[in-house]
Amino acid sequence: MLKYQKRQLLNSSFCCVPSCSVSGKFNSSVSFHQFPKDESVRAIWVRNIRRDKFVIRRHTTVCSRHFMQEDVVEGGRRRLKPGAIPVLFAWNNYNLPVTRPSVWQRTQREEEDEDEGEVPIDASVALCHDYDSRPEPAFMDLAYEKIHAQQQNRCLPLIDELFLFLVYLSLGLKERDLADRFNVHQSTVSRTIRTWANFLYTVLGAVGIWMSPDAVRAMMPDVFEKYSDTQVIVDCTELKCQAPSSLLLQSEMYSQYKSHTTVKGMIGVSPHGAVTFVSTLYSGSISDKELFKQSGIIPLLDENMAVMVDKGFSIDDLVPGKVHRPPFLGRNSQLSREDVLATQEIARLRIHVERVIRRIKQNKLFDSIIPLTINGSINQLFAVACLLSNYQNKPLVKAWAK
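By this note's numbering, the letter at position 316 of the sequence shown is numbered 316, and the numbering carries on one by one without gaps.
Honestly, the hints are just simulated from the structure, not real lab data. Please read all numbers here as calculations on a predicted model, not as lab measurements. Some clues are possibly wrong.
Said to hold, decoys possible - BS3-like cross-link-like pairs, simulated, lysine-lysine; straight-line CA separation at most 27 Å:
id	residue 1	residue 2
1	Lys-394	Lys-364
2	Lys-240	Lys-226
3	Lys-258	Lys-361
What the hints assert, rightly or not - Now the in silico label distances, taken between C-beta atoms and shown as ranges:
id	residue 1	residue 2	range
4	Tyr-391	Lys-364	11 to 21 Å
5	Arg-47	Val-323	22 to 32 Å
6	Pro-299	Phe-328	22 to 32 Å
7	Ser-29	Ala-90	10 to 20 Å
The beta-carbon is built from N, C-alpha and C at its ideal position, and this holds for glycine as well.
Work out the full structure: start from the sequences and follow the hints.
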């Protein structure tokens with residue numbers, strides 16, 4: 001690992017390789033090397049660095065971190081062996097420091113030293129956390145065996161890793177806070193969260209949550225007697241997220257309803273309150289109708305299934321069956337008596353999907369503004385929170401318990 005130290009004799013050297021922020025101001029173990037005079041070797045350097053319209057000047061240098069250790073001659077002033085070529089870069093899985101670490105990260109603590117000494121970061125650790133491949137359900141038993149076989153290489157026992165993930169999801173604690181609480185490094189916390197998000201997304205997603213019409217009718221509460229053909233109640237929810245730097249992405253993610261950049265998803269519940277459908281998260285500017293269209297729920301419906309929605313869902317042309325939705329006022333000055341009664345009846349039944357969404361958002365992770373750093377796993381985190389709500393909570397209404 002590169003140790004940052006402020007030099008006593010500063011120099012203006014810096015590395016010209018993209019994604020490398022090493023300079024002569026902060027380094028204690030890096031040397032800077034000019035491009036070779038040999039045209040053939042210089043051409044290979046330029047090709048490996050991958051910079052468009054690159055102009056080599058007198059002070060253009062490459063730091064020693066991009067060369068193999070045997071190519072750097074130690075002793076006195078560091079120099080390169082003749083014909084040495086830079087081959088270590090961020091795009092070939094060689095981790096380069098992007099920014100100077102914070103004071104908290106540079107401060108070595110006794111607990112972290114002990115953890116890092118016991119569990120070096122090597123290929124075995126990466127292997128035991130690799131659930132990104134999303135194996136088919138038929139291979140789950142083999143996956144479990146591999147997990148247990150690699151347990152000796154873990155910083156935490158499996159049960160503690162799962163507990164750390166659930167604490168992160170339900171309390172929304174920062175990774176640095178969790179690192180202190182579990183006495184591990186912050187990078188271990190980040191890796192554990194991503195691992196378990198992908199793993200639970202795979203395991204819980206392998207269990208079909210969409211219910212057949214017969215199963216829905218068997219669990220149908222008596223209050224749905226007038227709307228007994230209802231298969232699913234759907235509604236959209238938005239999660240506030242950090243604004244991206246791109247103005248185009250900001251405009252796509254900006255929600256007029258929330259007056260903030262958001263991601264938006266659709267949740268479907270059965271009449272008795274179980275989550276039976278979870279969509280992918282989309283940018284906050286998408287309309288309810290367009291989200292319903294792109295969510296993938298339409299192929300699950302047929303002409304005998306009715307969908308209950310709010311007024312914002314004008315989906316009559318998308319659903320093969322009925323749509324139970326409160327009536328619109330239209331050009332009339334006021335609703336008729338029948339329309340008022342229908343609005344009240346549907347509102348009393350449709351409110352249950354909002355209760356389910358409120359249960360899901362009791363996970364404090366979704367209370368605050370979601371940082372861009374977890375955008376790569378926010379879909380998995382949201383889906384896991386929705387699927388876990390089917391196992392964690394009691395019935396929405398006590399009278400519905402069977």
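query: Does the structure break any of the earlier hints, and which numbers would those be?
result: 2, 5
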